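These protein sequence lines map, in sequence, to chains A and B. Those letters in the first sequence? Residues 1 to 424, per our numbering, in order. Those letters in the second sequence? Residues 1 to 135, per our numbering, in order.
Calculated directly from the structure, the hints in this document are not laboratory data. Some hints here could point you the wrong way.
Non-contacting residues of chain A with respect to chain B, defined by C-beta distances greater than 10 Å in every case (computed) [stated by the list, open to error]:
| id | residue |
| --- | --- |
| 1 | Gln-38 |
| 2 | Phe-225 |
| 3 | Thr-377 |
| 4 | Ala-418 |
One side only, chain A facing chain B, incomplete, derived with CB under 10 Å [unchecked claim]:
| id | residue |
| --- | --- |
| 5 | Phe-31 |
| 6 | Glu-34 |
| 7 | Leu-37 |
| 8 | Gly-66 |
| 9 | Val-71 |
| 10 | Phe-373 |
| 11 | Glu-374 |
| 12 | Gly-375 |
| 13 | Gly-394 |
This one's a predicted model, so the numbers in the text were calculated from it and none came from an experiment. Ideal Cβ positions, reconstructed from N, Cα and C, are used throughout, including at glycine.
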Amino acid sequence: MANDIETYLRELQAALASAGADPALMQDALFDAEEYLQAAMAVGGKAGRGTATYEARLTAAVQGYGTPEEVAGAYLGTPVSSAPLALAEAVHQAAAGAGAVTVPPPAYETALVTAPAEASAGVEPATAAEATMAGEATAVPASTVAAEPSISGAAPRVPPGVPEMPAAPYPPGQQYPPGQQYPPGTQYGPGPQYGQVPVGVATGMAAAAGTTAPAKPTSIWYDIFGVFADGWVWKSFVYMLLSLVTGTVYFTIVVTGISTAGGMIVLIIGIPLLVAVLGLVRAMAFFEGRVVEALLDTRMPRRPRSDPPGMGFFERILFWLKDGRTWASMVYMVLMLPLGTIYFTIAVTGIATGIGLITAPIWGWFGDHTFIFEGVTYDWWLPAWGIPLAVIGGVIVLVAWMHIVKWIGRGHAAFAKAMLVRLP
Amino acid sequence: MILTPSTPEFEEGTSEVVSASVRKFQKELSSGIVSLALLALLAHAEEPLYGYQIAKELEGFGGGLPVKQGTLYPVLRSLEAGGLLVSEVEPSVSGPPRRYYRVTDEGRQAIGLWQASWMKTREFVDAVLEGHCGK
């Protein structure tokens, strides 16, 4: 069963998908589950902080929350609009009819006194509930919706009833290493801290919608030529082109940063420099994660990896130094120079060779073709029998290249995830 | 690691028919009561609360929550869709952003009436159960 939060979320997604939940509902359910489990893990859960292992605390949290099947059942069994709407409407009408039932905010008990128990108010909710049980959908009274106060939220709020964005795999939250504790009394209230920004959850999820695509047609021809219709493969191609630039930048920053800081570490100036490099590496790891998610169809953290709250400056630095991801990210960035060069070369030579061969007949029509190599002039021409061969060869090269791009994209996504996110 | 599902515990010898009926009854019973409890809690709350806080608060009452905490979330969303709650998403320090819920004016009106309805229902059910019904 689930031994980390991401596994649980995947199981929940699978349970919802197998029950035929619609994408927006699935997204809500995953959001809620991640919120609960992360919060439960942050405060230690039922098992108590500091006394239990990560797994034991997660087990307790999941037991409190429910198994994926139970939770999926709860979401599917709860009508999102009808019951409360019917009740809200009944209350609305009752309040309008009774006139006097205007309840001051905190003291809802007074409503008990003033509410006409024998009047329609007491009866209407019951009938409304009956109507709901019978499965009747109740229309939204315009006044109820219009009167709904809206909070200026950090994230865009989707009005009820409006279909939300397509299904999306849920962002993996940062996992906290086992045994990592929070100081007692820490407030977990809202508010931007540690440079976190409100995450456009909806937008981010829409961007990652890719794994819930409908079943693709299966035929040998689709297997061979379908890659050209797959948008993600073209995005992989873009990533391969981009990786030369990003790889060079990452490599340069890490190598110069570490060698400069390392060289000056005996002087005092080397220490703040090292800290700056570590911070930069973590920021770049987050950025690279965003690029990988956008272009390589894999879920990466939507937020910078957060440090535990309540840490002083030196504690934070120590945490960075002890965090394996810092070092894995650094290795990844150094490796990105050779990898980026290889990816770029494959991307460019593949498409150039393929298109060049396919269009060879066209070039054959235009005059002489000479090239000079080591002082000797060569002349080349394409004989008539070679034209179909060149075109067929070009198609083969292009198709093979596209498959290579696809597999490099997948492979690199897994590599990036392993290095930047998933480290025990 | 094995997670045991939290079905109600039955004494040995309870037949499958009975235990299934208990589960079904609990499910039907909780559907309205959970809404009532959530709305009451949020109407009392001084500040917006997010799901985990709500679950923990409710756990502290009586013998604890009769349902899995995961089942509270869909009810919260359902109440929001009905206009009795509003929510906003805030970033959090320790993980994913959280959805904070608070009661609307309609929600405050509703809870009073819901409570009246609940009182009547409870009185009636208690009376029936005590055998005073057909007096």
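The hints, checked one at a time:
no., hint, in the structure
1, Gln-38, "violated (3 Å)"
2, Phe-225, "holds (40 Å)"
3, Thr-377, "holds (66 Å)"
4, Ala-418, "holds (22 Å)"
5, Phe-31, "holds (7 Å)"
6, Glu-34, "holds (5 Å)"
7, Leu-37, "holds (8 Å)"
8, Gly-66, "holds (3 Å)"
9, Val-71, "holds (4 Å)"
10, Phe-373, "violated (60 Å)"
11, Glu-374, "violated (62 Å)"
12, Gly-375, "violated (66 Å)"
13, Gly-394, "violated (48 Å)"
Checked against the numbered hints listed earlier, the structure breaks hints 1, 10, 11, 12, 13; every other hint is satisfied.
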